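**Student:** From just these sequences and the hints, can you work out the full model?
Just so we're aligned: 55 in the working numbering is position 55 of the first sequence, and the numbers increase by one with no gaps anywhere.
FYI, nobody ran anything at the bench for these hints, they're computed from the structure.
Since we're looking at a predicted model, the values are computed, not measured.
Using N, Cα and C, we set each Cβ at its ideal position, and we do this for glycine too.
Any given hint could turn out to be false.
[What the hints assert, rightly or not] Here are the computed lysine-lysine pairs in the DSS-like style, where the Cα-Cα straight-line distance is at most 30 Å:
{"id": "1", "residue 1": "Lys-141", "residue 2": "Lys-127"}
{"id": "2", "residue 1": "Lys-21", "residue 2": "Lys-127"}
{"id": "3", "residue 1": "Lys-16", "residue 2": "Lys-39"}
{"id": "4", "residue 1": "Lys-256", "residue 2": "Lys-113"}
{"id": "5", "residue 1": "Lys-141", "residue 2": "Lys-113"}
{"id": "6", "residue 1": "Lys-113", "residue 2": "Lys-231"}
[What the hints assert, rightly or not] Label-pair ranges, simulated between beta-carbon atoms:
{"id": "7", "residue 1": "Ala-154", "residue 2": "Pro-307", "range": "22 to 30 Å"}
{"id": "8", "residue 1": "Leu-207", "residue 2": "Glu-179", "range": "18 to 26 Å"}
{"id": "9", "residue 1": "Asp-159", "residue 2": "Glu-199", "range": "14 to 22 Å"}
{"id": "10", "residue 1": "Arg-155", "residue 2": "Thr-184", "range": "20 to 28 Å"}
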Amino acid sequence: MIQIFQIIEEASRGSKFYNHKKQRQEKIDERIRRMLELKDSFTPEQVSRAEAQMDALTAQLEQSRDLSRFIVHVDMDAFYAAVEMRDRPELRDVPMAVGSNSMLSTSNYAARKFGVRAAMPGFIGRKLCPQLVIVPCDFDKYRAASQLVQQVMARYDPDFSMVSLDEGYLDITDRVATEMDGDTGDQSEDEMAQRLVREMRAEICRLTRLTASAGIAANGMLAKICSDQNKPDGQFFLPRERRAVLDFLRELPVRKVSGIGNVLSQQLAALEVTRCGELLERRGLVRLLFSECIQLSLLRAGLGADPPGVGRDEDSHQKSVSTETTFAGHSRTPRSCRSYWESCVSSCPKTSAARACADGLSR
DNA sequence: TCTGGAAGGACCC
DNA sequence: CCCCAGGGTCCTTCCACC
1 MIQIFQIIEE ASRGSKFYNH KKQRQEKIDE RIRRMLELKD SFTPEQVSRA EAQMDALTAQ
61 LEQSRDLSRF IVHVDMDAFY AAVEMRDRPE LRDVPMAVGS NSMLSTSNYA ARKFGVRAAM
121 PGFIGRKLCP QLVIVPCDFD KYRAASQLVQ QVMARYDPDF SMVSLDEGYL DITDRVATEM
181 DGDTGDQSED EMAQRLVREM RAEICRLTRL TASAGIAANG MLAKICSDQN KPDGQFFLPR
241 ERRAVLDFLR ELPVRKVSGI GNVLSQQLAA LEVTRCGELL ERRGLVRLLF SECIQLSLLR
301 AGLGADPPGV GRDEDSHQKS VSTETTFAGH SRTPRSCRSY WESCVSSCPK TSAARACADG
361 LSR
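**Tutor:** This is the structure:
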């Protein structure tokens, strides 16, 4: 464990990336210092007033808490790597990762034992694990596999939504209900939901020869956390009861919640908040130190009260197209930039509008 | 004081 | 050997302008 950290540290130290990261971290530290100063200036009355305001918000959220749905989050296990291993059996038992020397997208479980992870540059992966096999991304293949997964998901909820090639949400409430009607046994709805998800994962596996994990809960936020609980090739069910949800969240690291990332979790840690339950205990400080938007999402994280309808809302289509590459140090001439830019606009496959735009710009 | 964009971040996979 | 991506979304901040 320590060695992994040391190797990564050693490989990184002194690089531009490392220096940049250090600078950014210093800025974050500075922000946190200022935040703590502000915190120390609050009077107990201020804090308790803030708590009362949060309690009002909590009451609202509790009011609209919806525990009636079965939301499922399906997450394919080490997706890109699993596809490659399926198609190339010789990779099955060796540590491998998908990506390039500069960046890895995923690694298989054998490679993870060495500390090789997604979002790690390939050359560091090789330092951690000299035998590591790195295979290039083949998105066409992943898209094809994803299509098959989606075929299965559509049978359980025609209105399912994908968030990426390897993960998506379903609302199987209706499906559970119809299944209960036709069922003569004495299964509960909860059992039925779990049975259906087990069945769905088995079908995915049969059709794609890839394994999926799933989480079942009252809303998307919780389902997503749940799908991570029994990974790989497992599922986790969180009962749709307020008490069960709060118990589940109390000890859950805030970092597990989608939307609480590196920076926010550092800020929270400075306030001695590392678990979702502590978000509720320290709600006064949350109120006084964060933007309204963040207050709301943190309160939601503490309560497990997510607005219903993940991804299936009116305007959940893609809103932009973009392309980017990182230039090597020596190619940053005006000429090469211009030719790169021209190749970007002319190769944009999406819309004729984009082409028209390119014509307009390249004059 | 409000408002709309641009730019800059945070976050996700 | 090559030495830290590239595709997105959403929120905040800042500035011009009215």
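**Student:** Hint by hint, say whether it matches the structure.
**Tutor:** For each hint, the structure was consulted:
1. Lys-141 with Lys-127: holds, 28 Å
2. Lys-21 with Lys-127: holds, 20 Å
3. Lys-16 with Lys-39: violated, 35 Å
4. Lys-256 with Lys-113: Holds, because 21 Å separates the two Cα atoms, which is no more than 30 Å.
5. Lys-141 with Lys-113: holds, 26 Å
6. Lys-113 with Lys-231: holds, 15 Å
7. Ala-154 with Pro-307: 22 to 30 Å: holds, 24 Å
8. Leu-207 with Glu-179: 18 to 26 Å: holds, 21 Å
9. Asp-159 with Glu-199: 14 to 22 Å: holds, 19 Å
10. Arg-155 with Thr-184: 20 to 28 Å: holds, 22 Å
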